[in-house]
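Trainee: Letter by letter, the chains look like this.
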Amino acid sequence: MTHTNHRRGSRESLTKDFVILSMIEPTSEAQRTYRGPLEGRVKRFLEICGGHGPVAITARAGGRRLRYLKGWTREMDSGIHQASTLEEVIGCEEIEGGVGHAVYTDREAVVEVLRKLREEDLGLSIVVSGVFEEVFEACRRAGLKPHTVNMSLGTWGRMELLPDEPILELCTMCGHAMISRRLAEKMIERVGSGALTPEAAAVELGKQCTCNIFNTVRAAEIIKRTVAERKRLKMINT
Amino acid sequence: MVYVVRELCVACGKCALYCPVEAITVGEYAFVDQERCVECGTCIRAECPVDALRQPDLKPPRLLRKLFSDPLATFRETEVPGRGTEEMKTNDVTNNVKVGEAGWGVEMGRPGVSTKFTDVEKVTMALARQGVEFLDLNPVTMLIDKKTGMFTEKNPWGISPGEIRALRSLSAIIEFKTPKEKVPEIIKTLMEVSKEVETVFSVGLISRWKDGEPELLPLVRGIPGIRVYPNGKHNMGLGRPGS
Ligand code: SF4
Ligand code: SF4
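Sequence lines, in order, name chains A and C. To convert, count from 1 in the first sequence and add 515; that's the numbering used here. To convert, count from 1 in the second sequence and add 1345; that's the numbering used here.
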């Protein structure tokens, strides 16, 4: 399970992309019971994350995933993909397990979340994905240092099978590869023709990421940039 | 297996648009290429406007496509997630990857290309020859003989190596450990085998934090052709118990 690793993009674009994950080791009874019931600790994690302007935040509760994703409103729901409000995620009851996550574009928010998590000592394993220097700086300011790091050495093999870079940037924001390249292409095309806003296109892509770790703010920027670039190259008619 | 009820399908193309591996083609009606389909469930979740898609309960070996490809599926028999172990996410509690060790995640088929299991076996065999320690609680490990890296019928589903080789999934993560001294050799092995596979794979290297940087970073920095991506994952060491 490495679903937040291997995100592609320029350093500049990736600098506005952080995922904070909470998890517990399923075999560790000590972590499950550390300082009180797990549910209360995960709830507190969600409250802390929710208080600092996440792009996305997710809870597992009552047999389903409650998903807040910036820009996603109920009219955009389809099938099992159903939007929750930020308040619904933070206020949810019947939390299951130790998993929760939140996505940010802003390092200052990450610093504040980490600082609070350190102070409150919830006994949850916390993982932050992002550009190394940015995360190290956030750690330093929050009074933390990383314990373990997972470095991406990139993708090897038949590279010609991969789509173009902007499509890859969009699709790799769902590490489980639930976002098809055809859909990403279609969304760029529809934004280019004026049929859809970049924000709405980003939500349609983000809905497919069932873990809800897709960054719609970054995606809208990638889409805008790609549409402008393709118009410049006359790949899209104006 | 996912199939289309032809009498209902109005050939709108929606399912084909959402399928991550382009397994669906649409002519007079939609058609699912069963060899390419990895049973990920994305087309079902995309909601066909006339409810023409079906995914009946799957049995092994077909079931394994789903377990490896659909993040909402779980390996009920083994309680092992299809996408591998908790990797470094709880390493602050488990201490699975220690100082002086390298943890590896070689994710076959990622990003979004998918992989045949014949390619998975090529890589596990190459790694087995290097004497790596394949991690338990990983679904690929459950299908192989850890000494040779070859598929074995001694797996929780009792399916044959031939049936395993015929599988395809969106991804299959090979997780293993080595002493840190083996890092350059493993990279060389992966570079060599990357020329033999018909897919792509993404490589993650897990390292403890030591002396102000990832312990293994100096080891990989100088290797020709290797680029460490600017972004990665950081376990913050806040999990406490057992650490
Ligand atoms: S979404 Fe439904 S109606 Fe449309 S092509 Fe697919 S199966 Fe046919
Ligand atoms: S289950 Fe997945 S791979 Fe198979 S047709 Fe549907 S979307 Fe494509």
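Careful: at least some of the hints might be erroneous.
Unchecked claim - Computed footprint of chain C on chain A; a stretch qualifies when at least three of its residues, placed anywhere within it, have a C-beta under 8 Å from a C-beta of chain C:
1. 615-623
2. 728-741
What the hints assert, rightly or not - Computed, partial: chain C to chain A, Cβ under 8 Å:
3. Asp1437
4. Thr1497
5. Asn1580
6. Leu1583
Hints were generated in silico from the structure; no laboratory data involved. By construction, the Cβ of each residue, glycine as well, lies at the ideal position given by its N, Cα and C atoms.
Trainee: For each hint, tell me whether it holds in the structure or not.
Mentor: So, going through the hints one by one against the coordinates:
1. 615-623: violated (count 0)
2. 728-741: It is violated: at least three residues are needed, and the region 728-741 of chain A offers just 0 whose Cβ sits closer than 8 Å to chain C.
3. Asp1437: With a minimum Cβ separation of about 4 Å from chain A (threshold 8 Å), the hint on Asp1437 of chain C holds.
4. Thr1497: violated (24 Å)
5. Asn1580: holds (4 Å)
6. Leu1583: holds (5 Å)
In this structure, the hints that do not hold are numbers 1, 2, 4, in rising order.
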